[in-house]
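2 protein chains.
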Amino acid sequence: MANSAWSDKVLQLLRRMNNFYLAGSCRANCFRFEIDGAQVGWIPPRVAPLLTQYPDVFTPPHGGAVSLVHSLDSYETRSEAVDAVLQTVRQEDSLTCLKGWRDEKYSVMPKFSDPPVMWMERAATSLFGVKRYGVHINGYTVSDSGEVNMWLARRSRTKQTYPGLLDNLAAGGLAAGVGIQHTLVKECQEEACIPAAIAEKARPVSTVSYTYEEEEGVFAESQFVFDLKLPPEFKPRIGDGEVQDFYLLPIDKVKELLATDDFKPNCAMVVLDFLIRHSFIEPDTELYYQEFVEGLHQTL
Amino acid sequence: MANSAWSDKVLQLLRRMNNFYLAGSCRANCFRFEIDGAQVGWIPPRVAPLLTQYPDVFTPPHGGAVSLVHSLDSYETRSEAVDAVLQTVRQEDSLTCLKGWRDEKYSVMPKFSDPPVMWMERAATSLFGVKRYGVHINGYTVSDSGEVNMWLARRSRTKQTYPGLLDNLAAGGLAAGVGIQHTLVKECQEEACIPAAIAEKARPVSTVSYTYEEEEGVFAESQFVFDLKLPPEFKPRIGDGEVQDFYLLPIDKVKELLATDDFKPNCAMVVLDFLIRHSFIEPDTELYYQEFVEGLHQTL
Numbered sequence: 001m002a003n004s005a006w007s008d009k010v011l012q013l014l015r016r017m018n019n020f021y022l023a024g025s026c027r028a029n030c031f032r033f034e035i036d037g038a039q040v041g042w043i044p045p046r047v048a049p050l051l052t053q054y055p056d057v058f059t060p061p062h063g064g065a066v067s068l069v070h071s072l073d074s075y076e077t078r079s080e081a082v083d084a085v086l087q088t089v090r091q092e093d094s095l096t097c098l099k100g101w102r103d104e105k106y107s108v109m110p111k112f113s114d115p116p117v118m119w120m121e122r123a124a125t126s127l128f129g130v131k132r133y134g135v136h137i138n139g140y141t142v143s144d145s146g147e148v149n150m151w152l153a154r155r156s157r158t159k160q161t162y163p164g165l166l167d168n169l170a171a172g173g174l175a176a177g178v179g180i181q182h183t184l185v186k187e188c189q190e191e192a193c194i195p196a197a198i199a200e201k202a203r204p205v206s207t208v209s210y211t212y213e214e215e216e217g218v219f220a221e222s223q224f225v226f227d228l229k230l231p232p233e234f235k236p237r238i239g240d241g242e243v244q245d246f247y248l249l250p251i252d253k254v255k256e257l258l259a260t261d262d263f264k265p266n267c268a269m270v271v272l273d274f275l276i277r278h279s280f281i282e283p284d285t286e287l288y289y290q291e292f293v294e295g296l297h298q299t300l
Numbered sequence: 001m002a003n004s005a006w007s008d009k010v011l012q013l014l015r016r017m018n019n020f021y022l023a024g025s026c027r028a029n030c031f032r033f034e035i036d037g038a039q040v041g042w043i044p045p046r047v048a049p050l051l052t053q054y055p056d057v058f059t060p061p062h063g064g065a066v067s068l069v070h071s072l073d074s075y076e077t078r079s080e081a082v083d084a085v086l087q088t089v090r091q092e093d094s095l096t097c098l099k100g101w102r103d104e105k106y107s108v109m110p111k112f113s114d115p116p117v118m119w120m121e122r123a124a125t126s127l128f129g130v131k132r133y134g135v136h137i138n139g140y141t142v143s144d145s146g147e148v149n150m151w152l153a154r155r156s157r158t159k160q161t162y163p164g165l166l167d168n169l170a171a172g173g174l175a176a177g178v179g180i181q182h183t184l185v186k187e188c189q190e191e192a193c194i195p196a197a198i199a200e201k202a203r204p205v206s207t208v209s210y211t212y213e214e215e216e217g218v219f220a221e222s223q224f225v226f227d228l229k230l231p232p233e234f235k236p237r238i239g240d241g242e243v244q245d246f247y248l249l250p251i252d253k254v255k256e257l258l259a260t261d262d263f264k265p266n267c268a269m270v271v272l273d274f275l276i277r278h279s280f281i282e283p284d285t286e287l288y289y290q291e292f293v294e295g296l297h298q299t300l
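Note that the protein sequences, when read in sequence, are chains A and B.
Under this note's numbering, the first residue of the first sequence is numbered 1, with each subsequent residue one higher.
Under this note's numbering, the first residue of the second sequence is numbered 1, with each subsequent residue one higher.
Chain A extracted, bound-state conformation (with noise of 0.2 Å):
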């Protein structure tokens, strides 16, 4: 039987990074935002009264939704109106996410299928619950043995979010109009000093979905999750500096590390997908086996 502290602490993660849709979540409080009628993100109680002060943005409350005002009819004119409003906030700096403003534009739409109706920077989107989409890779290596280590990064002491933790290989955001596999190519040079000739051979196998509330917001998103086989003479090396170390480590250690605080926590998802994809939990011995998938892939 798998050790059943691990267990415990791996499934209140996910309970954790699910924690909005948990009864006592800010949720039934929250509005929708709707762009055209249709819901884009959550917006928080406390935020609603802040962006009401921009009737020529949004509208009031009004059953439960605030909404752009109808005459921002195009991707172009909402995305500047609300940049616009985001702007002044930022200037009163009331809003602590905001101080970690990025000038990276985010798509905003319903569903990843949707066309996108607006960008929003990044640093913004958990005011309003907008759905944020990123790539995560799992870097391993597999010896002539057939023993599997991991690579995990170490974030730099002086990231804004989650710094000195645990994170994946490599891992970022998917920017407006950006793709997929450009953005983890992007991101493995970028991050790990990976040769696009490496990191092209990642392959998609999965995506990592949860929403959870925090002080700063809702936080719903969903990762692409891709796994890289790297040759075990390897080394990924510090690159724009936002990771402080590498660390090839046995999938013992790393299944250890994942039910400590030392993770990123979204990372220890994507590393718990991963041990469940290659068979390193098992459903007979793993009591949780079923709540885990089901955690690491929950609905937007």
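Be aware that one or more of the hints could be misleading.
[Claimed, not checked] Here are some, though not all, of the chain B residues that point toward chain A, as calculated from beta-carbon distances under 10 Å:
| no. | residue |
| --- | --- |
| 1 | T77 |
| 2 | Y133 |
| 3 | G179 |
| 4 | I180 |
| 5 | S222 |
| 6 | F224 |
| 7 | F226 |
| 8 | F292 |
| 9 | E294 |
[Unchecked claim] Derived DSSO-like pairs: lysine-lysine, alpha-carbon spacing no greater than 27 Å straight-line:
| no. | chain 1 | residue 1 | chain 2 | residue 2 |
| --- | --- | --- | --- | --- |
| 10 | A | K229 | B | K99 |
| 11 | B | K201 | A | K253 |
| 12 | A | K186 | A | K99 |
If you're looking for bench data, these hints aren't it; they were derived computationally from the structure.
By construction, the Cβ of each residue, glycine as well, lies at the ideal position given by its N, Cα and C atoms.
Position chain B relative to chain A; hints supplied.
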């Protein structure tokens, strides 16, 4: 870009297999089936009046729930009392699903990780929306050049459910008290004459979970999924007569069949999960990639 007619058809399959949680399902009119205060299923509106004719076993609907009476306070007493009712109802011949009585005991519990609170005849579980668990095995071969082929079974025309449709290499329900690995080896042996020494090489990789309603009731199911890489020369053989034929097909052909009505729907889901994990579907070209993954792993 992927074929969009194919993608639409697959998305429809996933929606149909999760229709219990869509607007317009019978869910709003179902009664929670509760044992000892914990929900273990959903009783469809037309089934409840039938059960409450047995007040020694079932309570009248109260607060949206039908429960077992309090005096049935052990695994054995509950199982026997419900079985006695079902045997009587079965004689009356009013419920189609009981014509498929199998004398197979399934465990009843709130979640897979909870201790069973009773057993129930397999054919009756949909009348109570009790969660059912099973094992499905993807059998495949990889040629020297890396080409992947998949073994599919065609169900016997005399099977009581889904006769004549395509199925995974082997599959079976998890009976009360029987292990997952044990079920896998048994089903491989019985259905496809795969020796234990080969079947034991199957690797656990995922679960596929879904809840749908049909005339016969509510089907809340999770399948433990295994991949079994077979030697190219190995051929499964018809065993207990549940299968009429086995085919070894190129992945493109399997993918094409997935979007036809020739597949047992939950087996098509298991194959879709295989195609995603083995990178035969790519997120840059499959618009519904993210929705496919979510649709395969719905919370029971």
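Hint by hint, here is what the structure shows:
1. T77: Result: violated, 26 Å to nearest chain A Cβ.
2. Y133: holds, 8 Å
3. G179: holds, 5 Å
4. I180: holds, 5 Å
5. S222: OK, holds: B/S222 within 10 Å of chain A, min 5 Å.
6. F224: holds, 5 Å
7. F226: Cβ of B/F226 sits 9 Å from chain A, so the hint holds.
8. F292: Holds. Min distance 9 Å.
9. E294: B/E294 check passes; min Cβ-Cβ to chain A is 5 Å, inside 10 Å.
10. A/K229 x B/K99: Violated. A/K229 to B/K99 sits at ~51 Å, over the 27 Å cutoff.
11. B/K201 x A/K253: Given pair B/K201, A/K253 holds - Cα atoms ~25 Å apart, limit 27 Å.
12. A/K186 x A/K99: holds, 25 Å
In summary, the numbered hints that this structure violates are 1, 10.
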